[in-house]
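Participant: Going down the list, the sequences are from chains V and F.
Reminder that position 188 of the first sequence reads as 304 in this note's numbering, one-by-one numbering, no gaps.
Reminder that position 589 of the second sequence reads as 623 in this note's numbering, one-by-one numbering, no gaps.
A portion of the hints provided could be inaccurate.
[To be verified] Calculated pairs, DSS-like style, for lysine-lysine (alpha carbon to alpha carbon, straight line, at most 30 Å):
| no. | chain 1 | residue 1 | chain 2 | residue 2 |
| --- | --- | --- | --- | --- |
| 1 | V | Lys456 | F | Lys288 |
| 2 | V | Lys351 | V | Lys378 |
| 3 | V | Lys456 | F | Lys191 |
| 4 | V | Lys278 | V | Lys267 |
| 5 | V | Lys456 | F | Lys634 |
| 6 | V | Lys456 | F | Lys223 |
| 7 | V | Lys351 | V | Lys278 |
Because the hints were derived from the structure by calculation, they are not lab data.
So the chains spell out like this:
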Amino acid sequence: MTEIHNGNGGLNGKGLALVPRSEAKQTLKDFKSDQEVRWCPGCGDYAILAAVQSFLPELGLKRENIVFVSGIGCSSRFPYYLNTYGIHSIHGRAPAIATGLAASRPDLSVWVITGDGDSLSIGGNHLIHALRRNVNLNILLFNNRIYGLTKGQYSPTSEVGKITKSTPMGSLDKPFNPISLALGSEASFVARTIDSDRKHLQGVLREATAHRGASLVEIYQNCNIFNDNAFEALKDPATRDDITVKLEHGQPIVFGTGDNEKAVRLSPTGGVEVVRRADIADSEILIHDAHNPDPSVAFALSRLDDPAFEHVPIGIFRSVDRPAYDQLLNEQVDTAIAAKGPGSLAGLLHSGDTWQIN
Amino acid sequence: MTKQVQQLDRVIIRFAGDSGDGMQLTGDRFTAETAQFGNDLSTLPNFPAEIRAPAGTLPGVSSFQLHFADHDILTPGDAPNVLVAMNPAALKANLSDLPRGADIIANTDEFTKRNLTKVGYDGNPLEDDSLAEWRLHAVPLTSLTVKALEGFDVSKKDAERAKNMFALGLLSWLYNRPTEGTLAFLEAKFAKKPEIAKANIAAFQAGWNYGETTESFSVSYEVKPARLKAGVYRNISGNLALAYGLVAASVQAKLPLFLGSYPITPASDILHELSRHKRFGVRTFQAEDEIAGVGAALGASFGGSLGVTTTSGPGVALKAETVGLAVATELPLVIVDVQRAGPSTGMPTKTEQTDLLMAMFGRNGESPVPVLAPATPADCFHMAVEAARIALKYRTPVMLLSDGYLANGSEPWRIPEVDELPDISVEFATEPNGEDGTTYLPFQRDPDTLARPWAVPGTAGLEHRIGGIEKADGSGNISYDPDNHDRMVHLRQAKIDGIDVPDLAVDDPDGDARVLVLGWGSTYGSIAAGVRRARAAGHKVAQAHLRHLNPLPANTGEVLRAYDKVLLPEINLGQLAMLLRARFLVDVISYNRVRGLPFKAEELAGVISDVIGDVIESD
């Protein structure tokens with residue numbers, strides 16, 4: 117598997133070691149299902165679907181050992197369009213369902229497709245627990261900062277004051293920062309990417325699949341019907357380079373162009389801060405370390421996006437090696453069998469005090 | 035002096051004390067001794083939900099009732115012959131259940147002014163004449179225990195705590211129980227604290243010797259072993275039997291067991307037990323909530339495991355949407371509901387049969403689910419296997435309704451031979467089933483069972499997507515076609531209606547009874563005992579008991595219509611009665627009491643004779 121994880125993030129590189137590989141060469145076509153894709157024209161989901169379909173052949177896995185599990189929402193129709201195994205489940209519960217599948221089947225590549233409402237509102241509990249358990253899942257969180265399928269209510273990632281059908285005077289609640297939430301949930305792999313940047317998106321997927329354990333990939337995804345241009349600042353050539361902070365493991369964190377070139381350094385308050393590059397020495401520039409066991413700096417980096425879109429880090433925030441849940445679960449089974457041999461049903465039923473009646 | 039030994043055919047003992055007095059342990063040990071001796075028995079633990087309610091109060095009273103006999107018995111007994119009261123609260127809380135003439139063994143050390151006042155006694159009932167109608171044995175259990183443990187290297191507190199073993203020793207003498215099991219148990223339990231082990235054993239022996247020497251007990255009693263069907267027996271509680279049944283189902287299905295569960299009273303013991311059996315490939319997953327528990331189980335089922343979730347009523351309410359998804363995706367899943375008193379939190383440690391309609395209908399849409407209910411603690415084993423059989427064969431979620439009484443109650447169980455158990459294995463789909471020879475149709479049904487094929491991930495060529503959205507008959511593709519939906523609604527119902535269920539057996543010794551007593555679930559023992567009493571009093575009455583509630587046995591209507599009156603006792607407000615009336619238009623007579631406790635045999639015998647009286651009168 118070394119050919120696919122020599123990137124900036126994948127530390128453990130064991131992500132797919134237990135998944136059987138296909139002998140035949142695969143193409144994008146192999147992963148397209150016969151179902152008509154039914155998202156709105158112009159939806160960011162198309163770009164993500166195309167990126168995933170063209171990425172999967174690269175993994176070279178047996179198609180039948182790949183499962184996509186989704187919840188409810190626009191993004192959750194995703195599994196229907198891939199010619200793999202799939203479950204389109206119920207609202208918010210995909211991480212729970214996928215946990216049972218991944219924990220009992222280490223030979224599968226299990227993906228969770230979810231949205232900001234699905235994973236951060238109704239399913240918030242399952243997301244944080246799947247992350248802390250380090251279940252062997254690739255979780256793709258399509259964040260469009262709005263409810264699409266229910267036609268345009270604000271979501272847990274919508275900005276405060278969002279005017280929507282359910283909040284005519286503006287939304288009141290502070291949004292989640294999904295990266296901060298994932299890091300706070302003890303996630304071992306946390307990344308962010310953008311629907312429109314296929315190269316970056318596929319690079320992140322490459323690292324996420326190489327990671328054994330839970331990987332959370334937030335994908336900024338444009339809903340052109342209910343929240344169009346939510347991420348325009350990251351796409352517009354006039355602004356994008358000055359606000360996009362590309363995180364690359366081992367590299368100094370610098371961004372912006374020309375006179376606007378900026379750098380990130382540790383701040384005296386314990387976080388990180390953005391300064392003009394020209395104002396500091398190279399030695400002060402923070403070198404991104406995605407493998408740092410301490411998540412504090414990764415968390416601080418995730419806060420650069422608050423207030424939103426002043427600076428937006430993308431890439432892999434954190435990628436550390438920690439045993440995956442299924443591995444630990446199966447080790448306990450193996451240990452129990454090694455200690456006393458496989459279970460005997462007759463032995464179990466006769467355990468404890470018994471007596472004979474003739 | 036050798037004391038007199040008197041023969042009895044059956045005895046009911048109730049141990050009662052503070053939550054911290056170890057009454058459940060004492061009861062368990064006495065039960066184990068009794069089982070070892072070969073009596074038939076039935077137990078009823080009854081304890082508060084609070085782990086340590088305020089000491090010495092009425093809400094803090096914990097009790098354990100044991101009925102044992104030289105013949106087969108059906109219930110833990112209506113009224114105790116002996117009450118062991120460890121404190122005034124235990125006496126006060128239980129005295130009303132005690133018939134005149136019964137024995138009371140009271141721990142005098144705890145009958146202090148303070149403890150008496152705490153539960154509203156003005157005077158000391160052990161010293162005034164208020165207990166004159168009972169046979170009172172006033173025994174300073176605590177101080178005798180402390181005295182017996184002088185010279186042992188244990189604290190005063192530990193010495194006092196051993197008083198339950200003194201009481202157990204005394205009762206073991208009184209009923210001539212074998213003691214080896216308890217001695218071995220204490221040594222094992224306190225293996226890491228040998229001084230405590232020695233002290234408890236000494237307290238136990240001191241209690242035994244006290245019985246033998248004191249004048250307060252002039253006779254001891256003997257209850258001969260019962261004549262039960264030949265075989266190897268063990269004592270088993272419903273939760274343990276259910277856990278073993280799930281392991282057996284996994285073995286007999288040749289599928290790994292995956293349990294997704296969230297702790298909840300009174301079901302948690304099943305999770306605890308299954309977590310100990312990893313040697314069988316059992317994977318237990320303590321989820322973040324009830325929904326995740328059933329979700330993970332369903333995900334494991336999709337992957338080819340036997341997916342199971344265990345819970346109580348509040349958990350079933352939370353799991354409803356996922357059960358609906360299992361109905362829609364037609365995947366095997368077993369949902370165990372150990373029912374408890376509701377609504378809401380209700381009384382978590384008390385029993386009830388109030389989840390039947392929720393199990394039947396508590397989901398959105400037309401969402402039929404098979405429902406089963408074990409009749410006795412040991413029957414939980416067989417019904418767990420049966421639930422898995424139906425789930426796997428028909429690819430459906432199955433509700434298994436145990437309850438708090440079955441869960442914690444116990445009875446002797448003739449251990450089945452493994453080769454007596456049914457083979458419940460099923461075959462996964464491995465080949466395309468479409469007419470073109472290459473397509474896989476996940477919703478193309480078996481014409482006999484209407485079950486869909488089960489293709490698990492890892493099977494090449496059968497990649498498919500399933501979900502909660504309505505599916506086209508056959509292909510399983512998303513479909514909003516009106517006629518397709520109508521067909522799928524009917525197909526899902528027909529599949530459940532067509533499940534193979536054994537006929538309802540009727541016990542009618544002379545074949546000429548005019549009244550049928552019908553029951554379901556844990557009321558079996560109480561009803562059967564009530565029927566015995568009614569018959570002993572000269573009444574003719576038939577009895578039948580439903581273990582399959584959906585679908586009902588095919589002959590149910592015929593059985594109901596064969597009697598002038600059908601009496602249906604339920605620990606709810608008539609849930610099965612509502613279903614039977616609706617389905618069969620039979621004027622079922624309900625008898626409902628919802629006290630968090632099983633029915634008493636005497637109570638039901640009275641109700642039966644009233645109904646028979648009405649039938650005769652109307653002739």
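Participant: Taking the hints in turn, state whether each one holds.
Facilitator: Hints versus structure:
The straight-line distance between the Cα atoms of Lys456 of chain V and Lys288 of chain F is roughly 20 Å, inside the 30 Å bound, and the hint therefore holds. Restraint check for Lys351 of chain V and Lys378 of chain V: the C-alpha separation of about 19 Å stays at or below 30 Å, so the hint holds. With a C-alpha separation of about 39 Å, the suggested pairing of Lys456 of chain V with Lys191 of chain F is violated against the 30 Å cut-off. Restraint check for Lys278 of chain V and Lys267 of chain V: the C-alpha separation of about 14 Å stays at or below 30 Å, so the hint holds.
Restraint check for Lys456 of chain V and Lys634 of chain F: not satisfied, since their Cα atoms lie roughly 45 Å apart, outside the 30 Å limit. For the hint linking Lys456 of chain V to Lys223 of chain F, the alpha-carbon distance of about 21 Å falls within 30 Å, and the restraint holds. A threshold of 30 Å between alpha carbons decides the hint, and for Lys351 of chain V with Lys278 of chain V the separation of about 21 Å falls inside it, so the pair holds.
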